[in-house]
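Participant: Protein chains in written order, with this note's numbering: chain A, 143 to 364; chain B, 143 to 364.
A few of these clues could be false.
A pair holds if it fits inside one copy or across any two, identical chains being indistinguishable in the list.
What the hints assert, rightly or not - List of simulated lysine-lysine pairs, BS3-like, C-alpha gap at most 25 Å:
1) K156 / K169
2) K281 / K156
3) K255 / K323
4) K280 / K156
Just so you know, the hints here were simulated from the structure itself, not pulled from any lab data.
2 protein chains.
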Amino acid sequence: MTVFDDELQHLKEKLLRMGSLVEDAVKNSIIALVDRDNTLAQLVIENDRQVNTLDVEIDEESIRLIALRQPMATDLRFITMAMKITTDMERVGDLAVNIAERALELNTEPMLKPYIDIPKMRDIAQGMIRDALNAFVKKDKKLAMDVIMRDDEVDDLKHDVLQELAVFMAQDPTTVSRAMKISFVAQYLERIADHATNIAEMVIYFVDGKIIRHMAPPAEEK
Amino acid sequence: MTVFDDELQHLKEKLLRMGSLVEDAVKNSIIALVDRDNTLAQLVIENDRQVNTLDVEIDEESIRLIALRQPMATDLRFITMAMKITTDMERVGDLAVNIAERALELNTEPMLKPYIDIPKMRDIAQGMIRDALNAFVKKDKKLAMDVIMRDDEVDDLKHDVLQELAVFMAQDPTTVSRAMKISFVAQYLERIADHATNIAEMVIYFVDGKIIRHMAPPAEEK
Numbered sequence: 143m144t145v146f147d148d149e150l151q152h153l154k155e156k157l158l159r160m161g162s163l164v165e166d167a168v169k170n171s172i173i174a175l176v177d178r179d180n181t182l183a184q185l186v187i188e189n190d191r192q193v194n195t196l197d198v199e200i201d202e203e204s205i206r207l208i209a210l211r212q213p214m215a216t217d218l219r220f221i222t223m224a225m226k227i228t229t230d231m232e233r234v235g236d237l238a239v240n241i242a243e244r245a246l247e248l249n250t251e252p253m254l255k256p257y258i259d260i261p262k263m264r265d266i267a268q269g270m271i272r273d274a275l276n277a278f279v280k281k282d283k284k285l286a287m288d289v290i291m292r293d294d295e296v297d298d299l300k301h302d303v304l305q306e307l308a309v310f311m312a313q314d315p316t317t318v319s320r321a322m323k324i325s326f327v328a329q330y331l332e333r334i335a336d337h338a339t340n341i342a343e344m345v346i347y348f349v350d351g352k353i354i355r356h357m358a359p360p361a362e363e364k
Numbered sequence: 143m144t145v146f147d148d149e150l151q152h153l154k155e156k157l158l159r160m161g162s163l164v165e166d167a168v169k170n171s172i173i174a175l176v177d178r179d180n181t182l183a184q185l186v187i188e189n190d191r192q193v194n195t196l197d198v199e200i201d202e203e204s205i206r207l208i209a210l211r212q213p214m215a216t217d218l219r220f221i222t223m224a225m226k227i228t229t230d231m232e233r234v235g236d237l238a239v240n241i242a243e244r245a246l247e248l249n250t251e252p253m254l255k256p257y258i259d260i261p262k263m264r265d266i267a268q269g270m271i272r273d274a275l276n277a278f279v280k281k282d283k284k285l286a287m288d289v290i291m292r293d294d295e296v297d298d299l300k301h302d303v304l305q306e307l308a309v310f311m312a313q314d315p316t317t318v319s320r321a322m323k324i325s326f327v328a329q330y331l332e333r334i335a336d337h338a339t340n341i342a343e344m345v346i347y348f349v350d351g352k353i354i355r356h357m358a359p360p361a362e363e364k
């Protein structure tokens, strides 16, 4: 192992640490919502600082590596992609914070209904984030493709959630404020899945040197 | 001017071209909504392909420049930031497409009410995108700071829009579907302003080598 190999390995580990923090944030934000757990919601909000610190550290380390080691071809592509991927992951962290904020607000009012599709959306989105990042670190194109395929499931679930909420609001005006907040949560989860999709598309680009980004017609923030 | 200066200049021009396409998309998507103009909405959706092409081209050109010219310090920082900024701009383009899609849907139903705050949000958000990008290209820290300050105005307007829509929905169930779609538009505009803020934060980081990203507590996808 050269010093540069060590440094690259270190960068990968930081990226995976950022990924696992972000994954936990998504998971816990939805637990905070479903279990009406304010303490956990606060924890998600506080922990976002760690994600932001890693974001800046990875950027700095990447620029330093490029400047000092002048890596060519695959390594250069890996490092620049890492910098782009942290942008997506940092946003996912922010979205988990947004979910936690809505959870705190929703916890001050009676529960509208038990959550069924939202935890399903969370399951899929969280898995997408994990797999997209693993696909990047392992250069696993097949796994990246698989992540992209799962995005439609999240979109379908979001559609169902919004339909159901619209019925609540139309039937009972007192539900409007809560239903709107829950609709925001569904949208945050959809965007988390979109960020995972973006990462997966970059992985395929990175492994192949081939661009599949933007081949599909634009959907919700795809 | 060296060849490298030329190449950097070319990269800047591409970035500005991408910026002006994205700015037009935001402007036109809201005109399509306010004037109920389906043709213009379709145009926004079709033109997004050009934004996506530029996104990939800027990435490719950046990686090529780093590999061939091995730029140091400021230039390297500029090029890597350009790659990160295109990620934000590409998302802004997608959000304009989302607005155009909602416009097409809303145009099939009677108008809920004249739009007042949404065009105001659009004005501010569009100016933020333009100024954030100019701040980057001119390394103008003061302009970048100014962009960041404007984000609160957009958040406040979004808040007002959502409040007003909640009243509509609570008073008249037949407005629910339209009001939800308009609430999505308000959120898309807020996210467009957030992307401009992200870019402005990166500019300050780039000019100073100092990190102001993530210094404020996390707000809506800040």
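Participant: All hints are to be evaluated individually against the structure, with a verdict given for each.
Facilitator: A quick look at each hint next to the structure:
Taking identical chains as interchangeable, the C-alpha atoms of K156 and K169 lie at most 25 Å apart only when both belong to the same chain, with a minimum of 20 Å there against 39 Å between chains. With identical chains, the CA atoms of K281 and K156 are at most 25 Å apart within one copy only, with a shortest distance of 17 Å there and 30 Å across copies. For the homomeric pair K255 and K323, the shortest alpha-carbon distances inside one copy (13 Å) and between copies (22 Å) are both at most 25 Å. In this homomeric assembly, K280 and K156 come within 25 Å of each other (Cα to Cα) only inside a single copy, at 14 Å, whereas the closest approach across copies is 32 Å.
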